[in-house]
Amino acid sequence: MKVLNYLFRIGVLFQVLLLISCNHNNTGDISSKQTIPDLVDYNFHIRPILSDKCFACHGPDVNQRKADLRLDTEEGAFSALKDYDEDRFAFVSGKPHESEAYIKMSSQDTSEMMPPPKFNVKVTEYEIKLVKKWIEQGAEYKPHWAFVPPVKAELPTVTDKEWATNEIDYFILNKVEGMGLTPNERADKARLLKRVAFDLIGLPPTLEMQEAFMNDNSEQAYEKVIDELMANVHYGEKMAVHWLDVARYADSHGYQDDGLRTMWPWRDWVIHAFNENYSYDKFLTWQLAGDLLPEKNIEALLATGFNRNHKITQEGGVIDEEYRIEYVTDRTNTFGKAFLGLTFECAKCHDHKYDPILQKDYYSTFAFFDKVPEKGLFGTIDANFADPPNMTIDDELISNLLTFINKKDTASVNVMVMQDSVGIRETHILDRGNYDAKGQIVSFNTPEAILKYDTINFEKNRLGLAKWLLSDEHPLTSRVFVNRIWQEFFGRGIVKSVGDFGMQGDLPTHPELLDWLAVDFRENDWDIKRLIKKIVMSSTYTQSSVIEKIKLEKDPENIYLSRMHRTRLNAEMVRDQVLANSGLLNREIGGPSVKPYQPDGLWAAATSGRGLLKAYIQDHGDDLYRRGIYTFIKRTVPPPVMLTFDASNRDQCEVRRLTTSTPLQALIMLNNPTVLEAARVLAERLDEEGLQNDGKISKAFNLIICREAKEKEKSLLLQYYNERLLEYEANPEEAKKFIDVGEYPPKENRNDVTVAALMQVIHTIYNMEEAITKS
Amino acid sequence: MEKEFLENKLNVNRRHFLGKMAMGVGSAALGSLLLPNLLKGTGGAGDELPLGIKHFASKAKRVIMLFQNGAPSQLESFDYKPTLNKMYGQDLPASIRGDQRLTGMTADQDKFPLVGSKFGFNQYGKSGTWVSDLFPNIAKITDDICVVKTMHTEAINHDPALTFIQTGSQQGNRPSMGAWLSYGLGSENKNLPSFCVLLSRGRGNGQGVYSKLWTNGFLDSNHQGVQFSASEDPVLYLNNPDGIDMQSRKKMLDHLASLNEMGYQEFGDPEIHAKIQQYEMAYRMQTAVPEITDISKEPDRIIKMYGADSMQPGTYASNCLLARKLSEGGVRFVQLYHQGWDQHGNLVGEMPKQAEDVDRASAALITDLKQRGLLDETLVIWGGEFGRTNYCQGKLTDGNYGRDHHPRCYSIWMAGGGVKAGMSYGETDEFGYNIVKDPVHVHDLQATIMHLMGMDHEKLIYKYQGRRFRLTDVHGKVVKDIVA
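Protein chains in written order, with the numbering used here: chain W, 72 to 846; chain H, 8 to 491.
There may be inaccurate statements among the hints.
DSBU-like, lysine-lysine: derived pairs with alpha carbons at most 30 Å apart [what the hints assert, rightly or not]: (1) Lys137(W) - Lys444(H); (2) Lys257(H) - Lys808(W); (3) Lys193(W) - Lys466(H); (4) Lys189(W) - Lys484(H); (5) Lys258(H) - Lys807(W); (6) Lys783(W) - Lys257(H); (7) Lys257(H) - Lys785(W); (8) Lys189(W) - Lys479(W); (9) Lys470(H) - Lys431(W); (10) Lys419(W) - Lys484(H); (11) Lys203(W) - Lys258(H); (12) Lys189(W) - Lys444(H); (13) Lys189(W) - Lys487(H); (14) Lys175(W) - Lys470(H); (15) Lys258(H) - Lys509(W); (16) Lys446(W) - Lys685(W); (17) Lys685(W) - Lys360(H).
Covered stretches of chain H, going by a simulated chain W footprint (3 or more residues, C-beta under 8 Å) [what the hints assert, rightly or not]: (18) 159-170; (19) 178-192; (20) 211-218; (21) 250-259; (22) 286-297.
Keep in mind the hints are simulated off the structure, nothing from the lab.
A virtual CB, placed ideally from N, CA and C, is assigned to each residue, including glycine.
Please take these sequences and the hints and turn them into a complete structure.
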């Protein structure tokens, strides 16, 4: 019955979505010029208004509730108002002018109006009209979509069935057609190959791959490439980057003196887990509770490092308990964001203002992470790279069990892991979140509004918590993960606010698709590669990214995916493509993080002078050319190039990176020795190959842009090459200076002048917008 | 009304920009550098202010924050407490200490021996402001500054306290004050970043600084503080590589623009034009930044005023001079950090050196701004993250002492930008331990700074992941009494 009801609602939702104008994007973009939909829906129209404008005082937080009125539940909204002698109600079905909430919202009287002017939050005229119509249509409340378990809907109908490759396409095309648009053509093969290579392994396709794909005219050509890429050892590295953001992985402790830590074997495990295609339920369970499995499992124990990646202080004089609580808080918040996609942290100091998470729920969840025998301040900066509890990884363990760890010497390495000490301490509600304001004692539990914690089947520890997340009825776990994977490939989630599925979050642009994928993922054993293959095989994904004017007007943000997004490469990929295309890339996997070129003095300028990380000691040789994922992250001074390209500073769990475009990025591409050295090395290599000048340029273009240069491009670059050649022939000293960059040994007997001219052309190609864009 | 007006404006801008680009004009202003959300619709949408719109008129246009990192002692600088000298060596009365929590460094001490300033104090200026002998130059400008003696904070350790005063939150990755103001007020000079950071180190016991102190947090990354360094590259990767001069660079950029324009013709993606613009701005920065960081053209008179150190890049004095130049050039927020103020022990040995390094240049900056007629529109703030205890940390010896962290009261000073000049605000008790009149919480200071900049701290809001964020969280009151 419930399911049927839900299906009906989803059906309604769907019609409603079609009626909303194209730039619908939660409440933010709704402006007064918009027309009122024929059918006003609670979830899609009304709740965003009530949540944003009313719940702070009339929502779940009992301590902040005014006039004893609660608008986030149907019961509360239709109860008689306490402030009136006669029977008055916030909402009266069908009668806006008897609905006090409507009267107050639309009032011009500053002593009457809601919200009161002092809150600086106003209900717009458009929103008032929506509320009015909703009341007229019956003022029907519905449960928040994200807290109702997903159900696989029937595939929607589409006109152009030929276009659809798989299920995804039905959901997408149905709306595209509803918008009066048609999808883009399939992307050209070269662009598609570059896109899918970066998306699956984070590296550009090699010339051999390009050639093979271009020449393969069979129907399976694309699928073959996908299978190859997904079996490639670099797939795990690409997939790991996002997870390291979620898990706030770093190579230093993060506070103040910011000493060294050795969590990198955990990072090697993440790469391994993706490469081996561990199912998401295993991936999740091991990280949350690998220490609590029925049978002892060393690899799963290592995976629990996930919950020890938070920052740890080494500042002398801190209050131990204050920081211990901080660590447990970080784990709890990370759990909320990473797995539930909720702003759990809001309930640390008070009941959540928008979502049904009580402060008591927060600390009941907190309890799962609160039983670790640990200290807020354990030791001094020079001695402690892995505060207990930890595990020691030595050569024997690596040769027998943990073969994926790339340990470089014979010294053993310690990694922080989780451990519970039963009965170590009671967990209290902390008043206002203060470590020393202990309130009521709480026991293991989770917010009931999401899903009741089954105390018979779920252990009262983190293992039970993992089972709770993975139960079939859980409304969030699968949706949240699937949505983030979607974001990885399309640049934005189906729910744009990937970290907030709550009342204040963005609504899904394609709710049935999200649910379909979520259920399909769970039903197919949480198989990550399968999910990804479905995405990259879809016609939606393989469209070209050309932006027609009409689409820019009708759907500027490309919410409806009638074209593929053009997206800039992420920070790691920008580095990796420069190294890969020049042939410099060191393809070694895993191991301790490395320190490539970095401007002098950055660490030294900020340090207190204590610890191993007080000054940046750059690596040499092969270590200069490792992938971006292995660049050493000192949290207080993160690698500047990475940060400029929007990488996370790994301070706390992050589920989404912004993509910005700034002049500092231009300066990096223009003047960073990493880019210049790559241009030099590639120039040296090509200059020797005995090609004509235009052949050298074409080949460089092919390598970097991953497609044939067009005639116009070729002639422009050739002309530029000739200009430079003349210039450098006249000033060979300038040529010498220009090519003297980077530690990679120069080729013997090189021709400085031709290398310099070619290097400058290559450097220009590296700076093309398309070089660092998936188009 | 206001919000609707702003939203409308936002939409007009968006249409305007997209329209321009659709016509293929390669002049889409600064593209997503300055108006990222207009172009891409990323970020928080709903509550965003178009950049450069103030809530109300104000005098101050720019801020220079002279942050004294490590927490200078108020008892040896601006909060004169002769009682401590009289009661030398006596235990801090329990009634005064109350329930103040202590750091791990002094929590186990069984005695808390009071100790007064080893350095003399005098009153200066028409205002009769008390200043210790360690700051003779600041003493000369007391009629231009407002000393606040009743700052107080919540944290008792450096990292959380620094993070708190800079971002309004002890933990977390929230935007720094400079980022907020850059976001709220935009840039005055399109060739320079709107938020710049300068680091220096003194001779006293130091605490590190962290880039999260100048982070953009959830705001767009063009609001991130750009660290200027004393090296050849004042901004990272600013200089052309060897063998490339500006003329040759210009040629490359022209070719690059043509290539990118071909990309635009194929894809019609507005981002490509934004990229072209960013390369142009990078090129302009390459000229503008070295010009502004070049102090060699400063007259002797100015060098003398800031002190000989100002010729030495990377010193506090040099950074003060640079701060003036950047601010004069339109940089919205210049943030200095000077390390070395953490005198747990050997205060008597270290503090004079610390003071010597900052006293002359801090005062010179005020005088310099005043002489240029810029002080009115430039708000200068001098101070640290908390105060220091009135009792000695560790054993009190004859000649020396140290002081632990103290969050309940400390002194800062402010000048220019619409702050009342020549006054002291607030009073602490005779022990210099508790505030007895006019407390100023860190959030109050932040609210006041924003007020002076023409922003209502309750209205400068950014909605991120469903929640509205402010620099002052849900707290903060403007200290009206110090606003001129």
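Here is what the structure says about each hint:
1. The hinted pair formed by Lys137(W) and Lys444(H) fails the criterion: a straight-line CA distance of about 33 Å is larger than 30 Å.
2. At roughly 18 Å between alpha-carbon atoms, Lys257(H) and Lys808(W) fall within 30 Å of each other, so this suggested pair holds.
3. Distance restraint check for Lys193(W) and Lys466(H): the Cα-Cα separation of roughly 12 Å lies within the 30 Å cut-off, and the hinted pair is therefore satisfied.
4. Between Lys189(W) and Lys484(H), the direct Cα distance comes to roughly 14 Å. Compliance with the 30 Å bound is thereby established for this hinted pair.
5. Restraint check: the Cα-Cα separation between Lys258(H) and Lys807(W) comes to about 19 Å, which is no more than 30 Å; the hinted pair holds.
6. Proposed proximity of Lys783(W) and Lys257(H) is supported: the alpha carbons are some 20 Å apart, at most 30 Å.
7. Restraint check for Lys257(H) and Lys785(W): the C-alpha separation of about 20 Å stays at or below 30 Å, so the hint holds.
8. For the given pair, Lys189(W) sits about 62 Å from Lys479(W) by alpha-carbon distance, which is inconsistent with the 30 Å threshold.
9. Taking the CA atoms of Lys470(H) and Lys431(W), the gap is near 26 Å; set against the 30 Å cutoff, the hint holds.
10. Pair hint Lys419(W) plus Lys484(H) holds up; C-alpha atoms about 24 Å apart against a cutoff of 30 Å.
11. A C-alpha spacing of about 61 Å is found between Lys203(W) and Lys258(H), which places the hinted pair above 30 Å, so the restraint is violated.
12. Restraint check: the Cα-Cα separation between Lys189(W) and Lys444(H) comes to about 28 Å, which is no more than 30 Å; the hinted pair holds.
13. With a CA separation close to 19 Å, the supplied pair Lys189(W) and Lys487(H) stays within the 30 Å bound.
14. With a CA separation close to 25 Å, the supplied pair Lys175(W) and Lys470(H) stays within the 30 Å bound.
15. Among the hinted pairs, Lys258(H) with Lys509(W) is inconsistent with the structure: their alpha-carbon atoms are about 67 Å apart, more than 30 Å.
16. With a C-alpha separation of about 24 Å, the suggested pair Lys446(W) and Lys685(W) falls inside the 30 Å cut-off, and the hint holds.
17. Using a Cα cut-off of 30 Å, the hinted pair Lys685(W) and Lys360(H) holds, with the two alpha carbons roughly 23 Å apart.
18. Counting residues of the segment 159-170 of chain H whose C-beta lies closer than 8 Å to any C-beta of chain W gives 4; at least three are required, and the coverage claim holds.
19. Coverage of the segment 178-192 of chain H by chain W holds [criterion: at least 3 residues with CB-CB distance below 8 Å; count 3].
20. Evaluation of the coverage hint for the segment 211-218 of chain H: fulfilled, as 6 residues show C-beta separations to chain W shorter than 8 Å, against a requirement of three.
21. Coverage of a stretch by a chain is defined here by at least three residues with a beta carbon nearer than 8 Å to that chain's beta carbons; for the segment 250-259 of chain H and chain W the count is 6, and the condition holds.
22. For the segment 286-297 of chain H, the proposed coverage by chain W is satisfied: 5 residues have a C-beta within less than 8 Å of a C-beta in that chain, meeting the threshold of three.
Figure legend: structure checked against the earlier numbered hints; hints not met, in rising order: 1, 8, 11 and 15.
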